[in-house]
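Peer 1: The listed protein sequences correspond, in order, to chains A and B. For the first sequence, the numbering used here gives the first residue as 526, with consecutive numbering after it. For the second sequence, the numbering used here gives the first residue as 526, with consecutive numbering after it.
The set of hints was computed from the structure by calculation and includes no laboratory data. Just to be clear, a hint being listed does not mean it is correct.
All copies of an identical chain are treated as equivalent in the list; a pair is satisfied when it fits inside any one copy or across any two copies.
Said to hold, decoys possible - With a straight-line cut-off of 20 Å between C-alpha atoms, the simulated SDA-like cross-links for lysine to any residue are:
#1 578 to 588
#2 547 to 604
#3 699 to 886
#4 795 to 548
#5 578 to 536
#6 616 to 826
#7 534 to 676
#8 534 to 795
#9 527 to 763
#10 578 to 882
#11 724 to 540
#12 790 to 597
#13 724 to 846
#14 578 to 593
#15 578 to 589
#16 925 to 915
#17 795 to 533
#18 699 to 882
#19 534 to 670
#20 795 to 536
#21 527 to 886
#22 527 to 793
Protein chains: 2
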Amino acid sequence: MKLNGYYQKLPGSYLFSTIGNKVKAFQDENPEVELIRLGIGDVTLPIAPAIIKALHEAVDEMGNGSTFHGYAPDLGYSFLRETIAQEDYQKRNCPIEADEIFISDGAKSDCGNIQELFATDAKIAVCDPVYPVYVDSNVMAGRAGEYDPVSGTWSNVIYLPCVRENNFIPELPKERPDLIYLCNPNNPTGTTLTKEQLKVWVDYAKAKEAVILYDAAYEAYITDPDVPHSIYEVDGARSCAVEFRSFSKNAGFTGVRLGFTVIPKEITSKEGSLHDMWARRHGTKYNGAPYIQQKAGLAVYSEEGRREVGEQVSYYMRNARAIYEGLTEAGYEAVGGINSPYVWLHTGTLTSWEFFDQLLTKAYVVGTPGSGFGPSGEHYFRLTGFGTYENTVRAVERMKRLKRL
Amino acid sequence: MKLNGYYQKLPGSYLFSTIGNKVKAFQDENPEVELIRLGIGDVTLPIAPAIIKALHEAVDEMGNGSTFHGYAPDLGYSFLRETIAQEDYQKRNCPIEADEIFISDGAKSDCGNIQELFATDAKIAVCDPVYPVYVDSNVMAGRAGEYDPVSGTWSNVIYLPCVRENNFIPELPKERPDLIYLCNPNNPTGTTLTKEQLKVWVDYAKAKEAVILYDAAYEAYITDPDVPHSIYEVDGARSCAVEFRSFSKNAGFTGVRLGFTVIPKEITSKEGSLHDMWARRHGTKYNGAPYIQQKAGLAVYSEEGRREVGEQVSYYMRNARAIYEGLTEAGYEAVGGINSPYVWLHTGTLTSWEFFDQLLTKAYVVGTPGSGFGPSGEHYFRLTGFGTYENTVRAVERMKRLKRL
Chain A
526 MKLNGYYQKL PGSYLFSTIG NKVKAFQDEN PEVELIRLGI GDVTLPIAPA
576 IIKALHEAVD EMGNGSTFHG YAPDLGYSFL RETIAQEDYQ KRNCPIEADE
626 IFISDGAKSD CGNIQELFAT DAKIAVCDPV YPVYVDSNVM AGRAGEYDPV
676 SGTWSNVIYL PCVRENNFIP ELPKERPDLI YLCNPNNPTG TTLTKEQLKV
726 WVDYAKAKEA VILYDAAYEA YITDPDVPHS IYEVDGARSC AVEFRSFSKN
776 AGFTGVRLGF TVIPKEITSK EGSLHDMWAR RHGTKYNGAP YIQQKAGLAV
826 YSEEGRREVG EQVSYYMRNA RAIYEGLTEA GYEAVGGINS PYVWLHTGTL
876 TSWEFFDQLL TKAYVVGTPG SGFGPSGEHY FRLTGFGTYE NTVRAVERMK
926 RLKRL
Chain B
526 MKLNGYYQKL PGSYLFSTIG NKVKAFQDEN PEVELIRLGI GDVTLPIAPA
576 IIKALHEAVD EMGNGSTFHG YAPDLGYSFL RETIAQEDYQ KRNCPIEADE
626 IFISDGAKSD CGNIQELFAT DAKIAVCDPV YPVYVDSNVM AGRAGEYDPV
676 SGTWSNVIYL PCVRENNFIP ELPKERPDLI YLCNPNNPTG TTLTKEQLKV
726 WVDYAKAKEA VILYDAAYEA YITDPDVPHS IYEVDGARSC AVEFRSFSKN
776 AGFTGVRLGF TVIPKEITSK EGSLHDMWAR RHGTKYNGAP YIQQKAGLAV
826 YSEEGRREVG EQVSYYMRNA RAIYEGLTEA GYEAVGGINS PYVWLHTGTL
876 TSWEFFDQLL TKAYVVGTPG SGFGPSGEHY FRLTGFGTYE NTVRAVERMK
926 RLKRL
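Between the sequences and the hints, there should be enough to build the whole structure, so can you do that?
Peer 2: Pasting the structure below:
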């Protein structure tokens, strides 16, 4: 069998599988312990009433011969693409049209698949630490080079450290990348680039003819007015930036599955147009997002939907703030929690996994080791605001006690 | 920009987009004409009541804090994987376990993505004509070589003609392929391989250490007892065959989106296990099929669900039989329609696209040109049984009149 040998280069298993296995082993040995999970970025509040109503209505349509929907348009229903263009972009003065929006089953698929549009020898740059899908999907495609288990780096990947020493702001790389992944607000650090800081990257990408792959999955959590909700708020981004968006974190769709990617028509070269290539990929390897889910997505933009999901975001942000404030007060060094549901702790002298084990076995709190997000995540740790408020407060109390031990 | 240059090698656009554009142009010019669409393989009956009930129940669960479901397990919920293993496999004496079943958003995605697990220099063999996704997804990955617009073939693809001269039964290739795509019942010809004929391919694959990528999306339409519903009915298939299955055609899920792929653990080489690689791909580039859809899939296997979807399949099969019998009677040469919703006509002296135009502009019937499915599809044409019975009968009458002109 001629297998894709690059898969075998991936070290270990996907971060969250490893955490799941460790937690299961501990829980099996300690069944009486009540763990609090602030690890994986999964939401916990149920889907909002306005969206549930839309889902029921769409299901009824599917059960009626005169309103049944078969194959959806590959790129998404117009009703949703137009609403997104208007509400998320044109109302923010971002010049994005409906036919530049591609509906999908979620930002993870899109972030993982987008690299297919580029040559195998395209060089990628990633913030470090960052969401692991960017690097892993490029490893699978043979674009990452060789893994060095000592440094935890890939030979052909340009790392942009985001650490306390640079206030978590990535610096322009010395070597020119073809693709630059930026996540803003960043997962896992919870830190942000302001519009001015993002402009530096847009200008750089244009000057170097690089493409920015901009993940805005957490834009609903932005509270600072100088942090942009979309990269298209920055002049010039239309010709160099792709944007990924998700319904998972603003509307609780982690189990519903819906997202979209924006590819302006201006990102072209002699070889072709990124927009047309992505359309072709959708037509060839995808059969469209379900009608039911797209109607649910539409309901997110209704007056009621907007209010209800806004309340959910506020709930999670209250949790994130409680974590940030509680731990800071207890003497932990932390960032995030202001424009993001994530709080990023420094683990001091402990490694990320040592801290994970300590937190699991002594405070009964599950978090995510920072080193799982890249080498510069070592000695950091991620906690999320996606639990219940009660559990979040209890987890913070437990961590305060741990600090006093 | 360093783009993936292989995308530019794909000729024209995806088959069904071209058809859609032609139909739209004709309809715009002739708004009074009532077209009957028997082209794209999309279902028309609404989702069955037992499934609608399950969808509503799942939506209610998503709206309740105590029954809400966030991220699904990457590979699918156990309730569905276990039911499939039991009902579709173990009850047919196919030795397939639940953890060899990977739930997804549909067979098209899986058929398109599976090639990623293989080396870029893996050589593929495809039946000709066949579902275009197999070849196109390999073209995009750089595995197909150069396109010859005269012959309509790719230099690095092994074609297995399925034409009237060989009773639509592919012959073993002279050159060894690494990957063999088989669709049974075949789309578009509607013809089948019996268990005995399929055994030849399993034995060949094992002897040559090739992998069979077996698309069984139309298995629900099989009526002949000697045609297998799964490749695992054939001894030895566990070590050489991957199977794709869909809920689209047996339960009308074209707009609901649900499918699955079976990868037995025995398909291994020194380099790794195909099963583990696909699991890794799911974990890295996919976030699981929606809970709502997986509950709907489960309802397909309930007593009521089974009866209701069985009636839908019978309805479409009555259409297919009406097309096959009506056109045969009128002097068309046709196959299919017995184990498949598809009828495959010979277009005589006309090319496939000439016949398409004639049928569109003179009989007001939309079908699919056979040449769109591969070079050996030239001078053939596909009609589907997925319309309403009334429209199907009218379309056949129109085609009979056309034949008499």
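Peer 1: For the identical chains here, do residue 578 and residue 588 meet the 20 Å Cα criterion within one copy, between copies, both, or neither?
Peer 2: Result: close both inside a copy and across copies, 16 Å intra and 9 Å inter.
Peer 1: Checking residue 795 and residue 536: alpha-carbon separation at most 20 Å within a copy, between copies, both or neither?
Peer 2: Intra 37 Å, inter 17 Å, cutoff 20 Å: inter-copy only.
Peer 1: Should residue 534 paired with residue 676 be assigned to within, between, both, or neither, using CA atoms and 20 Å as the limit?
Peer 2: within (15 Å within a copy, 40 Å between copies)
Peer 1: 20 Å Cα cut-off: does residue 724 pair with residue 540 within a copy, between copies, both or neither?
Peer 2: Neither, since 32 Å and 41 Å both go past 20 Å.
Peer 1: First find the shortest C-alpha distance between residue 795 and residue 533 inside one copy, then the shortest across copies, and answer within, between, both or neither for a cut-off of 20 Å.
Peer 2: Between. Shortest inter-copy distance 11 Å satisfies the 20 Å Cα cut-off; intra-copy 35 Å does not.
Peer 1: State whether the alpha carbon distance between residue 527 and residue 763 is at most 20 Å within one copy, between copies, both, or neither.
Peer 2: Result: close only across copies, 18 Å inter versus 40 Å intra.
Peer 1: Please sort residue 527 with residue 886 into within, between, both or neither, judging by C-alpha distance up to 20 Å.
Peer 2: neither (44 Å within a copy, 48 Å between copies)
Peer 1: Up to 20 Å between alpha-carbons, please classify residue 578 paired with residue 536: within, between, both or neither.
Peer 2: neither (44 Å within a copy, 44 Å between copies)
Peer 1: Since the copies are identical, ignore which copy is meant and state whether residue 527 and residue 793 lie within 20 Å (CA to CA) inside a copy, between copies, both or neither.
Peer 2: Between. Shortest inter-copy distance 11 Å satisfies the 20 Å Cα cut-off; intra-copy 34 Å does not.
Peer 1: Using 20 Å as the alpha-carbon threshold, which applies to residue 534 and residue 670: within, between, both, or neither?
Peer 2: within (9 Å within a copy, 27 Å between copies)
Peer 1: Checking an output row: residue 925 and residue 915, CA cutoff 20 Å. Within, between, both or neither?
Peer 2: within (16 Å within a copy, 72 Å between copies)
Peer 1: Please sort residue 616 with residue 826 into within, between, both or neither, judging by C-alpha distance up to 20 Å.
Peer 2: Within. Shortest intra-copy distance 13 Å satisfies the 20 Å Cα cut-off; inter-copy 47 Å does not.
Taken one by one, the earlier hints fail for this structure at numbers 2, 3, 4, 5, 10, 11, 12, 13, 18 and 21, listed in ascending order.
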